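Undergrad: Since the structure of chain A is already known, use the hints to place chains B and C on it.
Chains as they are written, first to last, in the working numbering: chain A, 1 to 446; chain B, 1 to 474; chain C, 1 to 101.
Just so you know, these hints were derived from the structure itself, not from any lab.
What you were told as hints is all true, and nothing was included just to trick you.
Result set (DSSO-like, lysine-lysine): computed pairs, CA atoms no more than 27 Å apart in a straight line: (1) Lys86(C) / Lys31(A); (2) Lys16(B) / Lys32(B); (3) Lys85(B) / Lys83(C); (4) Lys132(A) / Lys86(C).
Everything numeric in this text was worked out from a predicted model, so none of it was measured.
Chain by chain, the residues run as shown.
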Amino acid sequence: MKVNNMQYEPVIGLEIHVELKTKSKMFCGCKNDPFYAEKPNMYTCPVCFGLPGGLPVPNKKAIEWTILLGMALGSTIASFSKFDRKHYFYPDLAKGYQITQFDEPFCSGGFIKTSFGNVRIRRVHLEEDTGKLIHKTIVEKKVTLIDFNRSGVPLVEIVTEPDIHSSEQAKEFLKKLHQIVRYLEISDADLEKGSMRLEPNISVWIKGSNEIPAYKVEVKNINSFKFVAAAIEYEFKRHVAILEEGKVPVQETRGWDEGKNATVSQRKKEGASDYRYFPEPDIPPLRFTKEYIEALRNKLPKLADEVKDDIIKAYGLNDYQGTILVENVPMLSLFQGTVSLPSIQQANISGTTIANWVINKVTDFSGTAPIDLANQIIGSKTVVVSDSELKAVILNVLEENPKAVSDYKAGKEQSAMFLMGMVRRQLPNVDTNVILEAVKAALKNV
Amino acid sequence: MKLNELTLTKTIKMLKSKQISHSELYSAVTQKIDKVNNSLNVYVALDNEAVLKTKNTLDLPLAGVPIAVKDNFLTVGLPTTASSKVLSGFHSPYESTVTKKIRDSGGVIIGKTNMDAWAHGSSTESSDFGPTKNPRNPEHLPGGSSGGSAAAIAANMAIGAIGSETAGSIRQPASWCGVVGMKPTYGRVSRAGVIAMASSTDSPGPIGKTVIDCAVLLNHIAGKDCYDATTSSLAVSDYTAYLSKGVKGMKVGICYVDHPKVKGTPAALAVLDAGKVFERLGATVDLISASDTLMANRILNPNYAIGVYTVVQRAEVSSNLARYDGIRIGRGRDFLATEAKRRIILGTFTLSQSFVEKYYVRAQKVRSLIIQNFHNLFGTYDILIAPTSAGYAQRLGSSADNPLFGEIEDMLLEASSIAGLTGINVPCMRDPKTNLFLGLDIMADQWQEEKILQAAYAYEQATEWNEWVANESE
Amino acid sequence: MKASSFAASDVQKIATLAHIPLTDDEAKALASGFRKVLQVVDELNDIDVSNIEPTHQVTGLENVFREDVIDTTRMFTQEQALKNAKRIVDGFIVVDQILEK
Numbered sequence: 001m002k003v004n005n006m007q008y009e010p011v012i013g014l015e016i017h018v019e020l021k022t023k024s025k026m027f028c029g030c031k032n033d034p035f036y037a038e039k040p041n042m043y044t045c046p047v048c049f050g051l052p053g054g055l056p057v058p059n060k061k062a063i064e065w066t067i068l069l070g071m072a073l074g075s076t077i078a079s080f081s082k083f084d085r086k087h088y089f090y091p092d093l094a095k096g097y098q099i100t101q102f103d104e105p106f107c108s109g110g111f112i113k114t115s116f117g118n119v120r121i122r123r124v125h126l127e128e129d130t131g132k133l134i135h136k137t138i139v140e141k142k143v144t145l146i147d148f149n150r151s152g153v154p155l156v157e158i159v160t161e162p163d164i165h166s167s168e169q170a171k172e173f174l175k176k177l178h179q180i181v182r183y184l185e186i187s188d189a190d191l192e193k194g195s196m197r198l199e200p201n202i203s204v205w206i207k208g209s210n211e212i213p214a215y216k217v218e219v220k221n222i223n224s225f226k227f228v229a230a231a232i233e234y235e236f237k238r239h240v241a242i243l244e245e246g247k248v249p250v251q252e253t254r255g256w257d258e259g260k261n262a263t264v265s266q267r268k269k270e271g272a273s274d275y276r277y278f279p280e281p282d283i284p285p286l287r288f289t290k291e292y293i294e295a296l297r298n299k300l301p302k303l304a305d306e307v308k309d310d311i312i313k314a315y316g317l318n319d320y321q322g323t324i325l326v327e328n329v330p331m332l333s334l335f336q337g338t339v340s341l342p343s344i345q346q347a348n349i350s351g352t353t354i355a356n357w358v359i360n361k362v363t364d365f366s367g368t369a370p371i372d373l374a375n376q377i378i379g380s381k382t383v384v385v386s387d388s389e390l391k392a393v394i395l396n397v398l399e400e401n402p403k404a405v406s407d408y409k410a411g412k413e414q415s416a417m418f419l420m421g422m423v424r425r426q427l428p429n430v431d432t433n434v435i436l437e438a439v440k441a442a443l444k445n446v
Numbered sequence: 001m002k003l004n005e006l007t008l009t010k011t012i013k014m015l016k017s018k019q020i021s022h023s024e025l026y027s028a029v030t031q032k033i034d035k036v037n038n039s040l041n042v043y044v045a046l047d048n049e050a051v052l053k054t055k056n057t058l059d060l061p062l063a064g065v066p067i068a069v070k071d072n073f074l075t076v077g078l079p080t081t082a083s084s085k086v087l088s089g090f091h092s093p094y095e096s097t098v099t100k101k102i103r104d105s106g107g108v109i110i111g112k113t114n115m116d117a118w119a120h121g122s123s124t125e126s127s128d129f130g131p132t133k134n135p136r137n138p139e140h141l142p143g144g145s146s147g148g149s150a151a152a153i154a155a156n157m158a159i160g161a162i163g164s165e166t167a168g169s170i171r172q173p174a175s176w177c178g179v180v181g182m183k184p185t186y187g188r189v190s191r192a193g194v195i196a197m198a199s200s201t202d203s204p205g206p207i208g209k210t211v212i213d214c215a216v217l218l219n220h221i222a223g224k225d226c227y228d229a230t231t232s233s234l235a236v237s238d239y240t241a242y243l244s245k246g247v248k249g250m251k252v253g254i255c256y257v258d259h260p261k262v263k264g265t266p267a268a269l270a271v272l273d274a275g276k277v278f279e280r281l282g283a284t285v286d287l288i289s290a291s292d293t294l295m296a297n298r299i300l301n302p303n304y305a306i307g308v309y310t311v312v313q314r315a316e317v318s319s320n321l322a323r324y325d326g327i328r329i330g331r332g333r334d335f336l337a338t339e340a341k342r343r344i345i346l347g348t349f350t351l352s353q354s355f356v357e358k359y360y361v362r363a364q365k366v367r368s369l370i371i372q373n374f375h376n377l378f379g380t381y382d383i384l385i386a387p388t389s390a391g392y393a394q395r396l397g398s399s400a401d402n403p404l405f406g407e408i409e410d411m412l413l414e415a416s417s418i419a420g421l422t423g424i425n426v427p428c429m430r431d432p433k434t435n436l437f438l439g440l441d442i443m444a445d446q447w448q449e450e451k452i453l454q455a456a457y458a459y460e461q462a463t464e465w466n467e468w469v470a471n472e473s474e
Numbered sequence: 001m002k003a004s005s006f007a008a009s010d011v012q013k014i015a016t017l018a019h020i021p022l023t024d025d026e027a028k029a030l031a032s033g034f035r036k037v038l039q040v041v042d043e044l045n046d047i048d049v050s051n052i053e054p055t056h057q058v059t060g061l062e063n064v065f066r067e068d069v070i071d072t073t074r075m076f077t078q079e080q081a082l083k084n085a086k087r088i089v090d091g092f093i094v095v096d097q098i099l100e101k
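If we strip away everything but chain A, and leave its shape as in the complex, we get (with noise of 0.2 Å):
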């Protein structure tokens, strides 16, 4: 945005929280399942309730997990690390401190590439969640009500430093961040839900100004990425205004409200929280050998990337087939399991030919059976065959399935249409239309 011969640019750090799925908390052994429990507070123990004399115990498996998600973002492995108290008073923090990692976290550094330039990782730690809040009002009164099945699950911050400069490289970042996790399996990463969390810290500069500038607007509540470049774009032509002014805006958390598509001020924090960290004398510190880190690395699954390299080699995709493929797990799973049939290599059909099925035919990827589906695309490639070969398949299927032709009698149409199906399985190279037709004059002669 030019104004005044000022190039003005966003300065955006991207905050984001992602729950781990481990079975069990981070600290302690309830089950890890908040958002479908079916009752509030059953997920509890003295360690996530906060009693007295509860003490934590670090899950293994969550502190691997974040390690290899630091891995898979190039960081730097911590050789020793620690866990910290960070104390703030809130209804939904049982003991008064959350435990996370202050200044020793598990991974620093690393970055993601964008289209428009690499994004740098500044960090990478394991905390624990809180308890969640509710709003009502009970008989005229405002009350808040607390459900701590969801405190001390295990969650992995990122902190990005701020090289993101517009909306579309804020999206772009958090899609392959999302990917990334995805394809780790550590989380279902699903923003409604709310297991993963995005907070942009948003300030604007002049474009070509090396200086941080001295403000920061941090924005909460935003559960899309849609949500996020919309807030994006509102906080910037918010600032740029405030600073055509000769002013800066004021240092803040904001709340994104999607009914009006803007930001909105929360109250006013007098002064940064003094959170008053210390080691965390419950749990000894943690110290990884090269031997240890090296091991974890081997389980690194292949991400994204690498997967495109290697179908796009494989297969003879195109850069785009390659690209859209690996978006999408459910997507590049039917994808590897159609091609790979031994019906398909002997039908001859290339990778490109199943790419471009699975990319703009199919709707449903987890619902579609790999089987099926080349089935469907061999079937596609229409062999002539002779009537009488094609009614006797035909009866024999009628015969086997006595259900489907009365229930074709009584009016359902679609038991035409599966009454084809099981034709097409024994004649797979045959056109539909032609079976359909065919089933369906033999079902009048029933």
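TA: Chains B and C only, in chain A's frame:
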């Protein structure tokens, strides 16, 4: 002799050999409780049906003996308050590891004992439910914070007891009540289910009539716990097996008797006498003087431990008490009494951004020096001995309005506590005029419980201060 | 801040941070107590701790974990969890509505 006056070891023997029954035993104990609890204020909660819980315990190691437990251990069935009004009426939904282990071994918890509220003190006078009186002389304090448990033993209102020490809270009341109290190495006994005070030094431990009694109890409460990440996986030995090994050939160092507050006092003289006893028994005994810097064969001036402990403990306390907000359990923070407020506020201050380096981090650095000092000394000495307390039990009312009463009183115990070492108190002098006692503190390096038990047993058997040993040696 | 300058207003600021309710008289009384305590603590400044690392844990333990398994023996039922709470509605714990974090 009444049955409630038996030692734990003898009681178990007599129960198992059917010389006495549970109902006779509990009758005697309950009678004593009924007689004196109102005036001494030892128990804040009692299980009136404790004897029913002795069913099927004869085959278990502790055979159904009644144990008094300090009220900072969470128990199912009996309320837990840490002697604070904030937790009045709190019934824990889970059991502490220590009390569960006692029950599994056949012990029965007869009641919860009074303490300084939240364990903040060395007198039991800052209990929200009134002070406990010293059974030896009820115009005097029992010490604290495990004053109730120590008094329960001194008054034969229990056969064994459990307390906890953060810096002196087992050894000091044991000294003032004239009983045996042992602080195990930090990490030897699980803190799971114990209301946390200073997380990095809290050590649950036994209080008993004799050294063997404490060794037996330790056998049943020590060990790694999957619910406490700071417990050690070192195997638990049979702590009674070493007792008669004696002290021949042991190198003993006497500490703190030259400190200005201690020099020439009865406490110092009693410890010097104890040194002579050890010499007679075959140990070599040296006097170790204090120094203000780390020096070979010197012990660091105990004054420094006061500063370190004051800061570290209050910092951890301020953090550990943040969860008491009246939302999930108990009542609001307006029910915190003055001492708790003092400690929380000072602790918050020492952890605050502008002061954390100057106070908290600095204190933890001096802590490193103290640890180094002991490490060096234990390279030469097997055990160190010192007065547990600089004097006899003080009068009721002494702790009022003194914000550092506890720290100064526990000065001789703080260093070994913040270093996580193990120590035991045995009575070493009795004043016939007041009936009050002095105590001998025997310390060893981490994980060396056997050494202090050996030395304590040898001293106990060679001297006349323990009335239960005297009564049962016929 | 020098130990000698610890005032009642300083005490109130910290008490607010620590969520401790204090009257002005209490703050005044505590302030004088703190000055005494800080004087004792300040004696630590006499010791040379350059090149000394702070000790946060005395056990020397490292790498103590638990495996990622659900431990039903320690989990509370909703009833157990809520039995000591004073205000409950439909299984939720209730507090008067507070301001945003």
